[in-house]
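Chains E and S, in that order, give the protein sequences.
End of the first sequence sits at 217 in the numbering used here; the numbers just go up one at a time, nothing left out.
End of the second sequence sits at 1472 in the numbering used here; the numbers just go up one at a time, nothing left out.
Careful, some of the hints might be misleading.
[Stated by the list, open to error] Cross-link-like lysine to aspartate or glutamate pairs, in silico, EDC-like; alpha carbons within 16 Å at most: (1) E:Lys112 - S:Glu1280; (2) E:Lys72 - E:Glu52; (3) E:Lys112 - S:Glu1196; (4) S:Lys1245 - E:Asp170; (5) S:Lys1034 - E:Glu198; (6) S:Lys1193 - E:Glu114; (7) E:Lys16 - S:Asp1302.
Keep in mind the hints are simulated off the structure, nothing from the lab.
In case you want the letters, here they are:
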Amino acid sequence: MSEARTNILRRLSAGKPHFAAPAAATRVPLARWDVPGRIDQFRNKMESVRAEVHVTVRDRWPDLLKSLVTEKQLSNLLYAPNGPLGETLSQAWRKEDPSPLICRNEAVDEWKEELFFNIGGAITAARWGIAETGSLVLWPTTEEPRSFSLVPPVHIAVLEAKDIYDTFADLVEQQNWHLCMPTNALLISGPSKTADIEQTLAYGVHGPIELIIIVIT
Amino acid sequence: MQQKVEFHDRAGKALHNPQIRSNFRYAMDGLMLKRLRSFPDLDELNRLRLRSAEIRANALARLPELLEQLEARCRENGIQVHWAETAEQANEIVLGIMNRHGAKLLIKGKSMVSEEMELNHYLEQHGIECLESDLGEYILQLAGEPPSHIVAPAIHKSRQQVAQLFKEKFPDIPYSDDVDTLTRNARDILRRKFYEAPVGLSGVNFAVAETGTICLVENEGNGRMCTTIPPVHIAVTGIEKVVEKLSDVPPLLSILPRSATGQHITTYFNMISSPRKPDEKDGPDEVHLLLLDNGRSHIYKDAELIATLRCIRCGACMNHCPVYARIGGHAYGTTIPGPIGSILEPQKAGLDQLGELATASTLCGACGEVCPVRIPIPELLNRLRFERVRQDHTGATRGQGGQRDPWEARIWKAWSWVHANPMLYRLSMRMATGLRWLLPNRLGPWTSVRTAPRPAAKSLHTLAREKGFDHE
Ligand code: SF4
Chain E
1 MSEARTNILR
11 RLSAGKPHFA
21 APAAATRVPL
31 ARWDVPGRID
41 QFRNKMESVR
51 AEVHVTVRDR
61 WPDLLKSLVT
71 EKQLSNLLYA
81 PNGPLGETLS
91 QAWRKEDPSP
101 LICRNEAVDE
111 WKEELFFNIG
121 GAITAARWGI
131 AETGSLVLWP
141 TTEEPRSFSL
151 VPPVHIAVLE
161 AKDIYDTFAD
171 LVEQQNWHLC
181 MPTNALLISG
191 PSKTADIEQT
201 LAYGVHGPIE
211 LIIIVIT
Chain S
1001 MQQKVEFHDR
1011 AGKALHNPQI
1021 RSNFRYAMDG
1031 LMLKRLRSFP
1041 DLDELNRLRL
1051 RSAEIRANAL
1061 ARLPELLEQL
1071 EARCRENGIQ
1081 VHWAETAEQA
1091 NEIVLGIMNR
1101 HGAKLLIKGK
1111 SMVSEEMELN
1121 HYLEQHGIEC
1131 LESDLGEYIL
1141 QLAGEPPSHI
1151 VAPAIHKSRQ
1161 QVAQLFKEKF
1171 PDIPYSDDVD
1181 TLTRNARDIL
1191 RRKFYEAPVG
1201 LSGVNFAVAE
1211 TGTICLVENE
1221 GNGRMCTTIP
1231 PVHIAVTGIE
1241 KVVEKLSDVP
1251 PLLSILPRSA
1261 TGQHITTYFN
1271 MISSPRKPDE
1281 KDGPDEVHLL
1291 LLDNGRSHIY
1301 KDAELIATLR
1311 CIRCGACMNH
1321 CPVYARIGGH
1331 AYGTTIPGPI
1341 GSILEPQKAG
1351 LDQLGELATA
1361 STLCGACGEV
1371 CPVRIPIPEL
1381 LNRLRFERVR
1391 QDHTGATRGQ
1401 GGQRDPWEAR
1411 IWKAWSWVHA
1421 NPMLYRLSMR
1431 MATGLRWLLP
1441 NRLGPWTSVR
1451 TAPRPAAKSL
1461 HTLAREKGFD
1471 HE
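Isolated chain S, as found in the complex:
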């Protein structure tokens, strides 16, 4: 599972890697521009964001009922529903289905939840091959790397790097760094796999409680392949992805692709409500829906932090994040990187483990401004910064207070004491200005790229008093 973040090391390494920095800068600039162009009418954008936030918030407000309704509708439609509290349980369920069919190959559409479960690793340990079929995920599987972006997983790789990788893995195919040729090669390699695979797996973008429908957004057609061709389809989702009504889907579908990549719509929007019916000639005979909790019901308890669960995974917050654009997705060391990852992952793994991620932000506010479901990410980052050092053990967040530094705490205590005491305050100001030459030139990491700050000879109060201002 999640490792304690050695965040600084990884961020430092990424910052010193010019290839990573230019790949991300180039991609993020492109994505920001495309998003901007796809919302020419600001009034429409604002209304759509309000509407989408309402839909997600309403669904969360009624989450337990809606999950039960979703389960009931799916069962009526013939979809088998499974519940898992942890990633381990979810993996076991998938393995159970594979074993029941004697299946040795799982073909996968893009699914961040399966990344969260580390499903590939688990199934491979049990002698089952997992094959990613989304082009970006496939490239990463060849490279043995995790995704660095939730929408464009191989965004950190250049065309030449991909071409080199194909050359190593498929020496028979002539080398080319032409994107069309690379894409066509991947098509040919994977075609036979879709044809052979006994089980296909996909994620879920929205699960509609009203009708028991699984909705999938994609461009490549691999999602449709995985959910149409193999005799068994398994859809994995977090429990938060449910929406109440079918009429909630069009607004979300309108805002998701535009926020993500600036497309007016994705090539495919695939709505699955049942397995193959007796008279039908294709489609899977079995459809399974796996609902994964894995810490989400814990986040659910906090009236403010619950907004984290509204996320529709568009990736806009990372595309607009000045920190993400510089350090890239891998530096975060979590399944979901970027601003949303920095609020979601510490809550799931515990602040004692990943609380540092909440500090990986300049609080510039860009993420909150672009989020299609209006998650106030900067406020939530601040809240988690508080949670990681608070000591009263009254909040619900995991690992609360786990990153309290006694020295830091003492310094702030002293600070507030000085500021609450006029005599002391004046004395300390006099000391700060009088002894300013004592301040060292080196102040740790701060001065590695900056000159040390120096207090002025006279404080603002003194200057104001000399000019004749006196507020007392």
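One chain only, chain E, in its complex shape:
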């Protein structure tokens, strides 16, 4: 359809109207928090959309996770042994038999049925966080593919408090996103939800029904 391309571009270039482009960009002041304030803001926003946030110190998070897995009665927990959390997770459950942890190294296509119907929950790291809107930022990787945070009914994400930015604008600018966009970048702000029936909020439509976040300070 290169003919269509030529025609569209020709029409646009020929018809280009003259209107004054705005001179200088309007400045929109960005919100600012100190470190504890940032975590509070992140937590408040996340909790307002029914995500569960647990703030803990580094040594404690594996135990916290173990109690969460029991509490939620997860049949199993999908994880990436070679991902950033892999080592810690394997250690945490090394003594238990059977362990709830499961991993799959093949491409997702090979075990799609299992992923869709037999996984209770998945755990991934979050690359960054955004305080203003209470968002997790994921750049899914080979180890932790994007369907981990999408298909299982429970998603547990582990976020380092130091990686929380005040705003999305700060993150995009300071991490030079324009030079290195991954296949898929995601902002996740709560469990999946809808208000399509009578504007009434209902959680857990097509994505995770529960989102649990462990923030490590």
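Following the hints, complete the assembly by docking chain S with the ligand onto the known chain E.
What follows is chain S with the ligand alone, placed relative to chain E:
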């Protein structure tokens, strides 16, 4: 394609349907309140609106270059780019991709452009099943109805109506009008479809020229499903959706969900820049971006009307429109209803076809006031009212002058002549006051709900003169 609007009939019917009126009133009141609460700082709102308008206006000012840049970046990233001048061409492209993969099922995320293309209808004629996966769109597909709102497509339906529909279509699932149960049922039904579908389709909220990135805003996760699970992803967009830089995205993302539903952000913001890379374990192997013109390059020619193309489809203008709130989305008879529909659709289909929509406004100004990209909708409505009756054939708008009524034109000509001629003016005033009892009691639709106006016995001029004012 678009039919000539039998707008009055449909509006009349909607006005006499108490269920529609209460469903819309309830929903619009809720949406207006939520928007208001999400912008506690008016100064921030004003700046954000200015910034967002600048971003969109700048992108339009450089549209042809940016489209070429977008195409080049996408190609470098491995995304296949297609161009379509018309909805027919766009449909053929989608069909071509489906056929190449021998695909018989298309699973769809929410896309107003695919509604504009009437893609479902087209593919179904070619033996391909299309399945809507956004809950609202899915409900409407079950009901066989078009969306009535661009953000909340099934807003015209009550919970009980949805429950009844599910009961008819899925007699095995126990009846429930509980929203959580209905939602969970839809989840279970659609899960297998995401798993099976060979091709997924989505819309596009912003396409970033700088990086060749497709951005999608959504809450349900069905958009992520459609763009992650099937081996092929097709994204369809109007050519106007491009923005220049990645740094243009955060301000737009900040204002869009707040304007639309009052949420501080949607659950998912999904940025796609390439198909699955060799070492990756999921994601589609093929990503296609389809750029649709369908009349947009025509709107582009007019320095004032081009503002129509800034729209980021938040729906705030319809939520705040006193006309939309009363007649609902279906009365408009177009893909996009409400104030934005009333300026966009007549320009696309031609004023001779849909020019009447430009009159479906009280010009109260609410739409222009809430629009996150500051489209001066009331001014554009006025401009189109002029375009639909102008006769000099100098404007670029399609169907210009197509709704000129010779009688109306003569009346206005006479009016201006009388007002330009003092003698005649005085004479006509004397006649109007003197013969006021001749005015009939019934004046068409006006008097069906009102009493007929009656000229005063003495004109203001006469009264003023009697009081001793004399400006001459
Ligand atoms: S015209 Fe403005 S208010 Fe209406 S949908 Fe578009 S962006 Fe939103």
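We went through each hint and held it up to the structure:
no., hint, result
1, E:Lys112 - S:Glu1280, "holds, 15 Å"
2, E:Lys72 - E:Glu52, "holds, 12 Å"
3, E:Lys112 - S:Glu1196, "holds, 10 Å"
4, S:Lys1245 - E:Asp170, "holds, 15 Å"
5, S:Lys1034 - E:Glu198, "holds, 14 Å"
6, S:Lys1193 - E:Glu114, "holds, 15 Å"
7, E:Lys16 - S:Asp1302, "holds, 8 Å"
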